[in-house]
Amino acid sequence: MSLDTILDHAHGREWQHVLEGKYIIGLEAYDAWINVLEKRNADPQGNAFNALVVSDAREFAMKFLHDLTIKWAGTNIVERGVRKLASDALKHYVIVVDALVELRELFPFPNGGDPSNEENASIAVHLLNKAKDAETEGVKCLDTLHNFMKNYYAEKWVN
Numbered sequence: 001m002s003l004d005t006i007l008d009h010a011h012g013r014e015w016q017h018v019l020e021g022k023y024i025i026g027l028e029a030y031d032a033w034i035n036v037l038e039k040r041n042a043d044p045q046g047n048a049f050n051a052l053v054v055s056d057a058r059e060f061a062m063k064f065l066h067d068l069t070i071k072w073a074g075t076n077i078v079e080r081g082v083r084k085l086a087s088d089a090l091k092h093y094v095i096v097v098d099a100l101v102e103l104r105e106l107f108p109f110p111n112g113g114d115p116s117n118e119e120n121a122s123i124a125v126h127l128l129n130k131a132k133d134a135e136t137e138g139v140k141c142l143d144t145l146h147n148f149m150k151n152y153y154a155e156k157w158v159n
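For the sequence shown, the working numbering gives the first residue as 1, with consecutive numbering after it.
Simulated from the structure, these hints should not be mistaken for lab results. None of the values given here were measured: they were computed from a predicted structure. Incorrect hints may appear among the rest.
Once the Cα atoms are required to be at most 16 Å apart in a straight line, the calculated EDC-like pairs of lysine to aspartate or glutamate come out as [what the hints assert, rightly or not]:
1. 91 / 43
2. 132 / 79
3. 91 / 119
4. 150 / 59
5. 91 / 59
6. 150 / 98
7. 84 / 102
8. 39 / 133
9. 63 / 28
10. 132 / 59
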């Protein structure tokens, strides 16, 4: 199930057999990004590209969750459960997306903006903390959704 991959990434488990701990991924990556900005060591283009890619990914996550709340008809307990749990996660991902889109606008790709500027870095750190906190809560909701779906897994509800 694609939710397995999403949660493996969020919890930093994805690709660790290849990455061998050399790279930080998932929720922990927020702290690494914040640390680089606080030290004013962010590469302008790399930072802007990361803001673009990460915000784009979260926009798709938000759309996916939104679609779950609409497309699952709610005609049985499983569909009602999926809709409710997706809606719970969606509330957090709306906050994540708002923060990351603002970050993307602060550091537009390919120009990059100026992450070494004290005011820009301070705003960016605030936005990343906001996104991290909301995504942490959103991932908790996704964990709950994942467990719920595993308990009620059946071809009828997956296809």
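Hint-by-hint comparison with the structure:
For the suggested pair residue 91 and residue 43, the alpha carbons sit about 32 Å apart, so the restraint of at most 16 Å is broken. With a CA separation close to 29 Å, the supplied pair residue 132 and residue 79 exceeds the 16 Å bound. As the CA atoms of residue 91 and residue 119 are separated by approximately 29 Å, the hinted pair breaks the 16 Å bound. Restraint check for residue 150 and residue 59: not satisfied, since their Cα atoms lie roughly 25 Å apart, outside the 16 Å limit.
Among the hinted pairs, residue 91 with residue 59 is consistent with the structure: their alpha-carbon atoms are about 13 Å apart, no more than 16 Å. Among the hinted pairs, residue 150 with residue 98 is inconsistent with the structure: their alpha-carbon atoms are about 31 Å apart, more than 16 Å. For the given pair, residue 84 sits about 28 Å from residue 102 by alpha-carbon distance, which is inconsistent with the 16 Å threshold. Proposed proximity of residue 39 and residue 133 is contradicted: the alpha carbons are some 21 Å apart, above 16 Å.
Using a Cα cut-off of 16 Å, the hinted pair residue 63 and residue 28 is violated, with the two alpha carbons roughly 23 Å apart. Restraint check for residue 132 and residue 59: the C-alpha separation of about 15 Å stays at or below 16 Å, so the hint holds.
Consistency with the previously given hints fails for numbers 1, 2, 3, 4, 6, 7, 8, 9, ordered from lowest to highest.
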